[in-house]
Each structure stands twice: as structure tokens, then as C-alpha cells.
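> Chains as they are written, first to last, in the UniProt record's numbering: chain L, 1 to 238; chain X, 1 to 238; chain V, 1 to 238; chain P, 1 to 238.
Among these hints, one or two may not hold up.
[Stated by the list, open to error] Just the calculated beta-carbon pair ranges, DEER-fashion:
hint, chain 1, residue 1, chain 2, residue 2, range
1, X, Glu122, P, Thr43, 38 to 46 Å
2, V, Glu165, L, Gly184, 56 to 64 Å
3, L, Arg18, P, Thr43, 55 to 63 Å
4, X, Asp159, P, Glu33, 45 to 53 Å
5, V, Asp96, L, Ser182, 36 to 44 Å
6, V, Glu122, X, Glu221, 24 to 32 Å
7, V, Glu122, X, Glu122, 53 to 61 Å
8, P, Glu221, V, Arg170, 16 to 24 Å
Derived from the structure by calculation, the hints contain no laboratory data. The structure displayed is predicted, hence computed values, not measured ones. For each residue, glycine too, the CB sits at the ideal point set by N, CA and C.
Protein chains: 4
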Amino acid sequence: MTNLELNILDLSLNELLRTVNKTESILKDQYDEIKEFRDIILTARNLRFDNGNDATIFLAGSGRSGFVAKFFAMRLMHLGFHVYVFGETLVPPVHDGDIILFISKSGGENAVTDSIESTKLENIKKSKSSPSKNNMIFENVKILSVCGSFDCYLASHSDAKIVIEAERDRKSTKEESERFDSLGFNSNELVIMGTGFEDSALLILDALVVEMMNNLGLCEEDLENNHENINRPKVSKK
Amino acid sequence: MTNLELNILDLSLNELLRTVNKTESILKDQYDEIKEFRDIILTARNLRFDNGNDATIFLAGSGRSGFVAKFFAMRLMHLGFHVYVFGETLVPPVHDGDIILFISKSGGENAVTDSIESTKLENIKKSKSSPSKNNMIFENVKILSVCGSFDCYLASHSDAKIVIEAERDRKSTKEESERFDSLGFNSNELVIMGTGFEDSALLILDALVVEMMNNLGLCEEDLENNHENINRPKVSKK
Amino acid sequence: MTNLELNILDLSLNELLRTVNKTESILKDQYDEIKEFRDIILTARNLRFDNGNDATIFLAGSGRSGFVAKFFAMRLMHLGFHVYVFGETLVPPVHDGDIILFISKSGGENAVTDSIESTKLENIKKSKSSPSKNNMIFENVKILSVCGSFDCYLASHSDAKIVIEAERDRKSTKEESERFDSLGFNSNELVIMGTGFEDSALLILDALVVEMMNNLGLCEEDLENNHENINRPKVSKK
Amino acid sequence: MTNLELNILDLSLNELLRTVNKTESILKDQYDEIKEFRDIILTARNLRFDNGNDATIFLAGSGRSGFVAKFFAMRLMHLGFHVYVFGETLVPPVHDGDIILFISKSGGENAVTDSIESTKLENIKKSKSSPSKNNMIFENVKILSVCGSFDCYLASHSDAKIVIEAERDRKSTKEESERFDSLGFNSNELVIMGTGFEDSALLILDALVVEMMNNLGLCEEDLENNHENINRPKVSKK
Numbered sequence: 001m002t003n004l005e006l007n008i009l010d011l012s013l014n015e016l017l018r019t020v021n022k023t024e025s026i027l028k029d030q031y032d033e034i035k036e037f038r039d040i041i042l043t044a045r046n047l048r049f050d051n052g053n054d055a056t057i058f059l060a061g062s063g064r065s066g067f068v069a070k071f072f073a074m075r076l077m078h079l080g081f082h083v084y085v086f087g088e089t090l091v092p093p094v095h096d097g098d099i100i101l102f103i104s105k106s107g108g109e110n111a112v113t114d115s116i117e118s119t120k121l122e123n124i125k126k127s128k129s130s131p132s133k134n135n136m137i138f139e140n141v142k143i144l145s146v147c148g149s150f151d152c153y154l155a156s157h158s159d160a161k162i163v164i165e166a167e168r169d170r171k172s173t174k175e176e177s178e179r180f181d182s183l184g185f186n187s188n189e190l191v192i193m194g195t196g197f198e199d200s201a202l203l204i205l206d207a208l209v210v211e212m213m214n215n216l217g218l219c220e221e222d223l224e225n226n227h228e229n230i231n232r233p234k235v236s237k238k
Numbered sequence: 001m002t003n004l005e006l007n008i009l010d011l012s013l014n015e016l017l018r019t020v021n022k023t024e025s026i027l028k029d030q031y032d033e034i035k036e037f038r039d040i041i042l043t044a045r046n047l048r049f050d051n052g053n054d055a056t057i058f059l060a061g062s063g064r065s066g067f068v069a070k071f072f073a074m075r076l077m078h079l080g081f082h083v084y085v086f087g088e089t090l091v092p093p094v095h096d097g098d099i100i101l102f103i104s105k106s107g108g109e110n111a112v113t114d115s116i117e118s119t120k121l122e123n124i125k126k127s128k129s130s131p132s133k134n135n136m137i138f139e140n141v142k143i144l145s146v147c148g149s150f151d152c153y154l155a156s157h158s159d160a161k162i163v164i165e166a167e168r169d170r171k172s173t174k175e176e177s178e179r180f181d182s183l184g185f186n187s188n189e190l191v192i193m194g195t196g197f198e199d200s201a202l203l204i205l206d207a208l209v210v211e212m213m214n215n216l217g218l219c220e221e222d223l224e225n226n227h228e229n230i231n232r233p234k235v236s237k238k
Numbered sequence: 001m002t003n004l005e006l007n008i009l010d011l012s013l014n015e016l017l018r019t020v021n022k023t024e025s026i027l028k029d030q031y032d033e034i035k036e037f038r039d040i041i042l043t044a045r046n047l048r049f050d051n052g053n054d055a056t057i058f059l060a061g062s063g064r065s066g067f068v069a070k071f072f073a074m075r076l077m078h079l080g081f082h083v084y085v086f087g088e089t090l091v092p093p094v095h096d097g098d099i100i101l102f103i104s105k106s107g108g109e110n111a112v113t114d115s116i117e118s119t120k121l122e123n124i125k126k127s128k129s130s131p132s133k134n135n136m137i138f139e140n141v142k143i144l145s146v147c148g149s150f151d152c153y154l155a156s157h158s159d160a161k162i163v164i165e166a167e168r169d170r171k172s173t174k175e176e177s178e179r180f181d182s183l184g185f186n187s188n189e190l191v192i193m194g195t196g197f198e199d200s201a202l203l204i205l206d207a208l209v210v211e212m213m214n215n216l217g218l219c220e221e222d223l224e225n226n227h228e229n230i231n232r233p234k235v236s237k238k
Numbered sequence: 001m002t003n004l005e006l007n008i009l010d011l012s013l014n015e016l017l018r019t020v021n022k023t024e025s026i027l028k029d030q031y032d033e034i035k036e037f038r039d040i041i042l043t044a045r046n047l048r049f050d051n052g053n054d055a056t057i058f059l060a061g062s063g064r065s066g067f068v069a070k071f072f073a074m075r076l077m078h079l080g081f082h083v084y085v086f087g088e089t090l091v092p093p094v095h096d097g098d099i100i101l102f103i104s105k106s107g108g109e110n111a112v113t114d115s116i117e118s119t120k121l122e123n124i125k126k127s128k129s130s131p132s133k134n135n136m137i138f139e140n141v142k143i144l145s146v147c148g149s150f151d152c153y154l155a156s157h158s159d160a161k162i163v164i165e166a167e168r169d170r171k172s173t174k175e176e177s178e179r180f181d182s183l184g185f186n187s188n189e190l191v192i193m194g195t196g197f198e199d200s201a202l203l204i205l206d207a208l209v210v211e212m213m214n215n216l217g218l219c220e221e222d223l224e225n226n227h228e229n230i231n232r233p234k235v236s237k238k
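Use the sequences and the hints to build the structure in full.
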């Protein structure tokens with residue numbers, strides 16, 4: 001086995017790059033929605049409640065989308081937000097005025113309820129009609145989502161969303177097709193499972209962090225100063 | 001604040017894409033080393049020990065590099081490898097013949113020892129000279145790394161490595177410079193902290209998964225069948 | 001505030017100890033069921049499948065019951081079992097012949113489905129009637145539980161269970177009542193929320209580990225040799 | 001194997017209970033120190049910094065001691081403290097005035113530096129002599145510990161500590177010795193590894209939660225209202 005060349009690494013990476021490069025057009029096509037998405041997050045720094053705290057941002061995602069959520073959560077903390085990830089040890093209760101951000105390719109009702117332990121979004125956003133102390137009333141909880149289609153359950157229940165379709169629509173050249181055939185490789189599997197969605201979501205959210213850094217009047221050093229400081233190696237910048 | 005346009009989201013995303021697109025040249029420039037990197041992982045499926053188990057692959061990383069490690073770990077599991085991530089609840093002992101893969105931009109001695117709880121690589125790979133039962137002898141533990149420079153501690157102690165330099169060498173156009181000035185934005189901060197390294201590492205490793213899928217004679221459906229199956233929404237493929 | 005004595009620490013600890021000491025009678029009263037509980041776990045080391053692996057044990061629990069699950073999971077690993085905890089990074093699919101152990105005080109349908117991401121036990125144990133490839137058929141998955149009542153959903157769906165009722169039935173002395181009154185303390189809150197259940201569950205399961213250690217012909221050193229070995233301080237025993 | 005009785009479950013549980021019951025005398029013998037331990041935690045709710053936040057409490061522990069840390073961290077959150085656990089996704093920087101609580105049986109320098117990623121306590125508490133912006137100055141960080149001996153590195157560097165020695169000093173009766181012999185069981189292994197320490201630490205800290213609940217003028221319902229509220233089953237109290 002160790003004599004094998006790198007059979008399709010180049011084509012797989014090339015196809016993954018082609019997929020994530022589409023985020024530039026997503027940004028243009030969904031400009032207003034992404035602006036709204038950003039604004040909802042930014043308002044978490046402005047709202048002041050009785051206890052003097054900012055609104056809290058909760059991140060939800062399963063599997064590798066959950067890792068994307070953690071990537072973004074850490075940067076939100078660096079930006080100075082109060083942020084938690086469902087499924088971690090420490091998750092406070094959601095209060096009215098808070099924000100829940102879901103990352104889910106399928107965006108199906110099941111996927112969403114998985115992420116937040118089987119509570120439907122309808123229940124989270126239920127009306128004032130049951131104002132007793134024992135019932136949650138979240139009429140002002142904002143739902144954000146990064147999902148894989150415009151018509152999924154999650155998209156239709158979100159206050160703002162970023163949709164990454166990550167379709168597999170690649171056409172192989174004749175030369176490539178022969179190469180795939182000789183390897184017994186299905187050319188439709190150059191990017192597998194949710195990879196295109198997850199990696200695109202990460203890149204868009206990482207750019208959004210820089211956007212918000214500027215919006216909030218912060219610079220890179222401010223974010224570094226909000227990073228865990230116990231025994232972190234100093235980062236030297238060029 | 002909510003009247004703000006998306007000030008620099010487009011330029012930040014564009015610059016992040018420019019950074020990750022450099023992975024194509026990394027692949028060409030480090031072809032032999034990446035081949036060796038892959039081969040060491042593949043051998044974990046071949047080695048058979050007395051107990052009939054495959055070699056185990058341990059992933060190590062701190063912070064967001066740790067999330068990259070988790071992304072790759074999950075796919076290694078899908079490929080059928082025995083894999084663990086340092087810092088999780090369940091981490092078995094490392095045995096001779098196992099593999100440790102580090103993901104660290106700085107690759108400094110401190111960063112590495114952080115990732116695996118202050119054991120130096122010298123100790124992990126120490127010689128046979130102390131063969132008593134109470135001492136670990138790991139002469140055959142293979143060290144793999146994804147790191148940010150060719151001359152860091154981690155790179156110099158690895159059996160195979162992938163180096164992602166992710167330098168910030170962008171030149172702004174005159175128009176862009178004026179835009180940055182008007183926003184009070186430092187153009188060197190379009191991609192911040194370790195983002196360029198982390199996102200590039202994720203993309204390369206995700207492509208490597210597809211490469212190994214083919215090497216092992218597997219297809220996408222095989223990987224899906226190795227995914228957690230309790231209440232996962234069915235993924236329909238186009 | 002710093003001049004306060006330790007108001008009720010002694011009574012709270014005393015009451016918590018009284019609660020956990022009841023585990024001795026649980027052990028007597030549920031002897032046969034606990035024996036069955038143990039036997040189901042032990043069989044995971046005996047069953048051999050086509051791929052030569054043992055059966056896998058999956059642990060499920062939410063909140064602090066989830067930490068009890070992690071405590072036990074680590075010891076099961078030390079005993080040599082293949083074990084995973086739902087919610088961690090790496091969770092393989094459940095296969096027929098595997099074991100799922102739930103830890104939940106309420107044991108309600110909601111609590112259980114939370115723990116394993118909204119799959120009902122009925123679905124996990126569904127019959128052979130739908131043998132297509134896309135459906136899970138788990139007729140031989142064993143369900144174990146540690147729960148807080150004999151008549152909860154979880155108990156009624158388990159192949160073996162340990163029930164820890166942890167009732168709050170303390171009677172205060174006259175002297176204690178006066179002390180509580182002077183502090184404005186509700187004597188019914190000496191042990192709060194699920195604490196009595198969780199701590200009792202931990203103690204019973206920790207004893208069960210030693211029982212199984214002996215059943216499997218292992219000693220303490222064998223378990224230590226299955227513990228993470230990277231930079232662990234040597235434990236000296238008296 | 002399935003015909004085996006429960007060989008030593010009763011004696012193991014009995015011995016574990018004997019160990020944890022010793023916490024009552026720990027409480028008496030270390031009254032003043034535990035009072036100081038509590039007071040340092042309580043002050044985290046009083047201190048106000050420039051940004052209007054309370055002091056933050058950081059929990060550190062490895063392996064099963066790390067789970068004890070998570071148990072206590074969750075309750076501290078329920079009590080209204082700002083609390084984080086090293087090793088989780090979200091860990092902010094430590095600032096002057098914050099508190100770090102270590103849970104470690106050995107309390108050795110290595111164990112401590114493992115828990116917080118190789119920073120020595122000397123460095124955390126280093127003096128004002130290097131007041132540049134890039135250096136951490138933590139002269140007012142308080143170190144708390146729950147450890148296994150009075151003379152370990154951790155104990156000697158703590159502002160307040162709870163010491164749980166959890167010695168194995170059991171004497172077997174003649175009848176028990178015969179039973180152990182017939183089973184080939186080492187009576188010194190009725191409680192293994194760190195179990196006695198970990199379970200005792202959990203019980204003491206759980207009682208301390210109730211003590212602080214009263215100190216802060218809170219009741220059980222207040223803590224429940226600080227628990228994650230998304231899809232938690234309602235807890236009915238007797």
C-alpha cells in the first residue's frame with residue numbers, strides 16, 4: 001500500500017476549494033440577510049437587562065456542524081460576547097432577549113431538535129398566552145441559522161439566516177473521467193457528506209468575525225487579550 | 001449601529017479564500033512528505049498486535065486547532081480507524097506502534113506539551129534504555145504534525161508533517177487602502193490570529209480523507225455507515 | 001459576609017451521607033436485578049462479532065447524571081470494555097448486540113430521548129419487521145438503566161435496572177428546627193435537586209467496577225495500565 | 001460467567017461508604033480552613049471590577065477529578081457565579097481578582113500543571129516585578145484546592161484548601177479474609193485508584209453548595225431557575 005501515489009488528493013482538494021470559493025457569491029446574493037444576521041448578533045452587546053448583563057448567544061450544532069459552532073463561539077468570546085455552546089458542561093438558561101444560532105446543513109426539524117435536546121423552535125418562540133412562572137416565554141428570543149437550503153424547517157423559523165447550498169454539480173473532463181475509472185472512484189464523491197457545507201460555513205463565519213471586529217471598534221490585539229491566557233504561547237505577528 | 005453596511009466582510013472573506021487556496025501549492029510542494037503522512041496513517045489499519053487490534057491514532061490540538069483535530073478525528077472514525085482525541089473523557093493509554101497527530105500553528109515545545117499535558121516528545125519517543133515495566137517505551141510511536149513552519153520544535157520531531165505557513169503578505173490596491181483608512185481598519189487584520197492556518201489545515205485534511213477513502217477501497221456510503229446512527233436525519237444525496 | 005460561621009454545612013453533609021448510605025439496602029433489595037445488570041455488561045467482553053470486536057457499551061445521561069456516566073465510562077475503559085459516551089466527539093454507530101446504559105433520575109421519556117438525541121427506546125428496540133438496509137434493526141440491543149423510580153418510562157423499557165429512589169424523608173429534631181428557623185432555611189433543602197440520586201448512583205457504580213474487576217480476574221494495576229499514560233503522575237499506593 | 005453471585009459488591013460498597021463517611025470528621029478537623037475556602041468563593045459575588053462583572057471562578061482537574069470539577073462548576077453556575085472549566089470550548093482569560101480551584105488527589109506539581117496546561121502556580125501568582133502589558137500579573141488570583149495530602153505542592157500553594165486523605169486502612173475480619181482468599185481478591189483493592197478521594201470530594205462540595213445557597217439567601221428553586229431550561233423535564237418535588 002505504501003507504494004501508492006496520492007491518487008486523488010489534488011482533485012479532491014481542488015473540488016473542495018471550488019466549493020468554498022462559492023461563498024463569495026453567497027455573500028453578494030444574500031447581502032441584506034447577512035447584514036441582518038450580523039446586526040442581530042451586534043445588538044447582543046447593546047441590550048441591557050435588569051441585571052446589567054448583555055444578551056447571551058447560544059450556539060447549537062451536531063457532529064461536525066457542532067465543531068463549526070465551537071469555532072465561531074470562541075471568536076464571539078474573543079469579541080467580548082457572552083456565549084455558550086449547547087452540550088458543554090456549563091449552559092445557563094435561555095432568557096428573553098437572548099439569541100440562539102443553529103448550524104445545520106439539513107436544517108430539518110429533527111436536526112434542530114437534536115441540537116437543543118428536542119425542544120421545537122415553536123416552543124422556544126411560543127406566545128405570551130401562557131405567562132405563568134413555570135412556563136418559558138421567549139417571544140423575544142432571536143433565532144439565527146446557517147443552513148443548507150432556503151426551504152428547510154430551520155430557515156423558515158429563523159429571524160436571519162445564511163444559506164449555503166454546497167451543491168455537487170461538478171463536470172469532469174475526459175481525462176479526469178478516465179483517471180476516476182482506473183481508480184474505481186465515483187467522481188461525485190470528491191467532497192463527501194457535509195464537508196462542503198461545514199467548511200464553507202466556517203469560512204463565512206470567520207470573515208464575519210473580522211467584520212464585527214471592525215464594527216465594534218476592536219483590533220486583533222483586543223481579541224487576543226480575550227483569549228485563554230494560562231500558558232498560551234505568545235503569538236508573534238509579522 | 002444597525003444602519004451600518006457590511007464594511008469589510010467581502011474583503012475579509014476574499015483574503016481568507018486567497019489564503020486557503022494556497023493549499024493547492026502546498027500539496028504540490030510537499031508531495032512526498034504528504035504521501036508519507038498518509039502512508040503512516042494507512043498503516044494503522046494494517047498493523048496487527050497480539051490482541052488483534054489495529055494501531056490507535058491519537059489527535060492533539062489546543063483551542064481552534066483542537067477543533068480541527070476533532071473534525072479530522074471524526075472522519076478517521078468514519079474511515080474505520082481506532083481514534084481518540086486528547087482531552088476527551090475517554091483516552092486509552094498510548095502503546096508502541098500507535099500514532100500521535102498534532103495540529104499546532106506555532107508548533108513550539110510549549111504548545112505541544114500543552115496539547116498532551118506536558119509530556120515532551122523526547123519522552124514519548126525515548127529509547128529502549130529503560131525497559132522496566134513502569135517506564136513507557138515508545139520507540140515506535142509515530143509522530144505526525146500539521147504545523148505552521150518548517151523549523152519549529154514540532155516539525156523537527158515529526159515522522160511526517162504538513163506545513164502550512166499561511167503568511168500575511170497581501171498588498172492592498174489604492175482603492176482598498178482608502179476604504180481601510182476611512183474605516184480605521186488595519187489591512188493586515190483581514191485574517192486574524194490562527195484563522196488562516198486552521199482553515200487551511202481543515203481543508204487539506206478533509207481532502208486527505210477522500211484520498212484515504214479511495215486508498216482503502218471505501219465509498220461515501222461506507223463512511224456514513226460508520227457515523228453515529230442514533231436519530232441522525234437521513235442525508236439525501238443529489 | 002466573611003464573618004459567617006459554616007451555618008448548615010454539617011447538617012447538609014450529614015443528610016447527604018444518610019442518603020448515600022441507603023445504597024446498602026438498595027443492593028440487598030435489588031440483588032437479582034443488579035446481578036443481571038452486571039451480567040449484561042460482562043457479556044460485552046464475551047460476544048464476538050464478525051469483525052472480531054467485543055460489543056460496545058454506550059453511556060447516556062444529561063447534566064450531572066451525564067458526569068456520573070463519564071465517571072463510570074472511564075472505569076469501564078479501564079476494565080477493558082469498548083465504551084463511548086453520547087455527546088462526545090467520537091461516537092460510533094450502535095450495532096445489534098451493543099448495550100446502552102442510561103443514567104436519569106426522572107427516567108421520563110423526554111429525559112431519555114434528550115440523552116440520545118430524541119430517539120425513543122421503542123425505535124431503538126424496534127422489531128425485525130422493517131429489515132431494509134436503511135432501517136436500524138436493534139432487536140438485540142440491551143438497555144440498562146440507573147433511574148429514580150420503578151415505574152418510569154426508562155425502568156419499564158430496560159433489560160436490567162438499578163433504582164435509586166433517594167427520597168427526602170428526613171425528620172428534624174426540635175433543636176435542628178430552631179436552627180433552621182433562625183437561618184430562614186427550609187430543612188427539606190439539605191440535599192437539593194438531583195444530588196442524592198447522582199451521588200448514590202456514582203457510589204453504586206464505583207462498587208460495581210470493583211465487583212467486575214474481580215469477575216474478570218483483574219487487579220487494580222491492570223486498570224491503571226489501561227489509564228491514559230501520557231504524563232500521568234505515578235500513583236504510589238500504601 | 002452469568003452464574004456468578006455478586007462476589008464482593010457488598011464489601012466494596014461498604015468500604016466506599018466507610019471512606020466517604022469520614023468526610024464528617026474532615027469537616028470538623030478543617031473547620032476554619034473550609035470556612036476560609038467558602039469565604040473566598042463567596043467574595044467572587046461581591047467584588048466589582050471596572051466592567052461591572054463579578055470575579056470569575058475557574059475549575060481545574062484531570063480525569064475523574066475533572067468530572068468532580070464539572071459537578072461543582074454546574075452548581076456554582078446555579079448559585080449565580082461566573083464559572084468556567086479549563087479544557088472546555090469556552091475559557092476566558094484569567095484576570096486579577098479571579099479564583100482558580102484545583103481538584104487533584106496527588107496535588108503534585110505535574111498534576112497541577114497538567115490541569116491548567118503546564119503553567120506553574122508560581123507563574124500564575126508571580127509578583128508585580130514584571131508589569132509590562134504582555135506579562136500576566138496575577139498577584140491577587142486566589143488559589144483554592146481540594147487535594148489528597150497536607151504537604152503536596154498544591155496544598156502549599158493554596159490560599160485555602162480541603163484535604164481528603166482517603167487512606168486505605170481497613171482491617172478485614174477472619175470471615176472476610178477467607179472470602180477474599182477464596183475469590184483470589186486483594187482486600188486492599190475494595191476501593192481502587194482515586195475513587196475514595198473523588199467521591200469524598202464530590203460529597204463535601206455538594207454540601208458546600210447548600211451551605212452557600214443559604215449564605216447567599218437563595219433557595220432550591222432559585223438554583224433550578226439558573227439551570228439550562230431548554231427541554232428539561234420539569235422536576236416535581238415531594
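> If a hint holds in the structure, say so; if it doesn't, say that too.
Status of each hint after checking the structure:
1. Glu122/X / Thr43/P: 38 to 46 Å: 43 Å, holds
2. Glu165/V / Gly184/L: 56 to 64 Å: For glycine 184/L against glutamate 165/V, whose Cβ atoms are near 60 Å apart, the range 56 to 64 Å holds.
3. Arg18/L / Thr43/P: 55 to 63 Å: This hint holds: roughly 57 Å between Cβ atoms.
4. Asp159/X / Glu33/P: 45 to 53 Å: Since the Cβ atoms of aspartate 159/X and glutamate 33/P sit about 50 Å apart, the hinted range of 45 to 53 Å holds.
5. Asp96/V / Ser182/L: 36 to 44 Å: 38 Å, holds
6. Glu122/V / Glu221/X: 24 to 32 Å: 27 Å, holds
7. Glu122/V / Glu122/X: 53 to 61 Å: 55 Å Cβ-Cβ, so the 53 to 61 Å window holds.
8. Glu221/P / Arg170/V: 16 to 24 Å: 19 Å, holds
In terms of the numbered hints stated before, the structure departs from none.
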